[in-house]
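*Asks:* Starting from the two chains in their separate frames, assemble the complex, guided by the hints.
One-letter residues, chain by chain:
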Amino acid sequence: ETGVTQSPTHLIKTRGQQVTLRCSSQSGHNTVSWYQQALGQGPQFIFQYYREEENGRGNFPPRFSGLQFPNYSSELNVNALELDDSALYLCASSARLGGTDTQYFGPGTRLTVL
Amino acid sequence: DAKTTQPNSMESNEEEPVHLPCNHSTISGTDYIHWYRQLPSQGPEYVIHGLTSNVNNRMASLAIAEDRKSSTLILHRATLRDAAVYYCILRDVRAQKLVFGQGTRLTINP
Chain A
3 ETGVTQSPTH
13 LIKTRGQQVT
23 LRCSSQSGHN
33 TVSWYQQALG
43 QGPQFIFQYY
53 REEENGRGNF
63 PPRFSGLQFP
73 NYSSELNVNA
83 LELDDSALYL
93 CASSARLGGT
103 DTQYFGPGTR
113 LTVL
Chain B
604 DAKTTQPNSM
614 ESNEEEPVHL
624 PCNHSTISGT
634 DYIHWYRQLP
644 SQGPEYVIHG
654 LTSNVNNRMA
664 SLAIAEDRKS
674 STLILHRATL
684 RDAAVYYCIL
694 RDVRAQKLVF
704 GQGTRLTINP
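Chains A and B supply the protein sequences, listed in that same order.
Residue 83 in the numbering used here is what sits at position 81 of the first sequence, and the numbering runs on without skipping anything.
Residue 679 in the numbering used here is what sits at position 76 of the second sequence, and the numbering runs on without skipping anything.
Chain B on its own, in the form it takes in the complex (with noise of 0.2 Å):
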């Protein structure tokens, strides 16, 4: 399974923009980026998926570098709901699992 770097821990104040920075340098050519985040207490929630273009939907959207090396997820004004811990997954196109890391701890400061 090719392997996403992320920071352990990031934080920032509500109505901001959240950029969270993914590196997964030996990504595939058939390789997915998937993102899901985990609220406490709860089970991880799909957010946003992309394999070469960047991508939007109502929850956030997610930039792809040219090479795809790198990805960003990015949170257009925080929420408190948006703290959580988010994880950058990828997923070849037939691959049944998803490999969760240790992802990133996002804190949302008032």
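Chain A with its partners taken away, still in its complex shape (with noise of 0.2 Å):
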């Protein structure tokens, strides 16, 4: 069973760029969500993806905005970018397990913006 994959691992951009990054879910999973994760910080939620369809999304501006296909893999892409987008953009598809959905995590794309 593959596991979730995120690509790039690390991108350097500078102020003002866009970004585009990608996450393949774990086989059967039909949600996506996005986590950031600013250094020495816990993820903080960002928006999941259902079926193609945003269902929830975090505090963040319009600028994030996301994408989810129909074999489920996902997009988030970053406009505008500002020096406190550099962070760790976590993936994590889900299954449901007794009851609650169990999130399963990418390793993560280290985004630094200069």
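Because the hints were derived from the structure by calculation, they are not lab data.
Since the structure is predicted, the reported quantities are computational estimates derived from the model, not experimental observations.
Backbone N, C-alpha and C define an ideal beta-carbon position, used for all residues, glycine too.
All clues given are correct.
Sample of chain A residues with no beta-carbon within 12 Å of chain B, all distances over it, derived:
{"hint": "1", "residue": "I14"}
{"hint": "2", "residue": "K15"}
{"hint": "3", "residue": "T16"}
{"hint": "4", "residue": "Q20"}
{"hint": "5", "residue": "T22"}
{"hint": "6", "residue": "F66"}
{"hint": "7", "residue": "F71"}
{"hint": "8", "residue": "P72"}
{"hint": "9", "residue": "S75"}
{"hint": "10", "residue": "N79"}
{"hint": "11", "residue": "N81"}
{"hint": "12", "residue": "L83"}
{"hint": "13", "residue": "L85"}
{"hint": "14", "residue": "T114"}
{"hint": "15", "residue": "L116"}
These stretches of chain A come out as covered by chain B in the derived footprint (C-beta under 8 Å, 3 or more residues):
{"hint": "16", "region": "38 to 51"}
{"hint": "17", "region": "56 to 64"}
{"hint": "18", "region": "102 to 113"}
*Replies:* Put into structure tokens, the structure is as follows:
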């Protein structure tokens, strides 16, 4: 069984640029969630996609957007990058397990904004 | 989101049991208790979850207090690989997101 994969592993961008991060879900999972983790902090929820529709959003501005594709893979797009966007971006796919779903995380993409 | 309180850090020795506490006095009846851990330079990893009864799996055990206001994650025999940040998370059955706090940084001494 293939786990959650993310690409690229590392990325360096400059302020004002746009970036696209990619995530492939674990086999059989139809829900993808994205999180941002600043250095020394716990991950913060950005949004979730279920069957290609946004299914919940955290406290992030509209310049953070996403897509989910028919094969349940997903993209996170960030426009007009700011220095504070430097973080580890985590993708998690979900499957229901005993009444609540369990999220399985990828290794993350480390984004540095200069 | 209901809040959890965990110690910032804990230390234990290899091959000994580890008990990681979590307080959640404002837990509601529909909140599941989830534990994740994050090893250095990796994404969080699911450990275990429960609602009311104690739970066991191949990684750990979860002991839930009778009033559900606290819980304890038990690693029965710690290895160096168990050194990580452990997050205790309350999650409503209908919620999409996981709300991570600061977690407990567990150090394992050889």
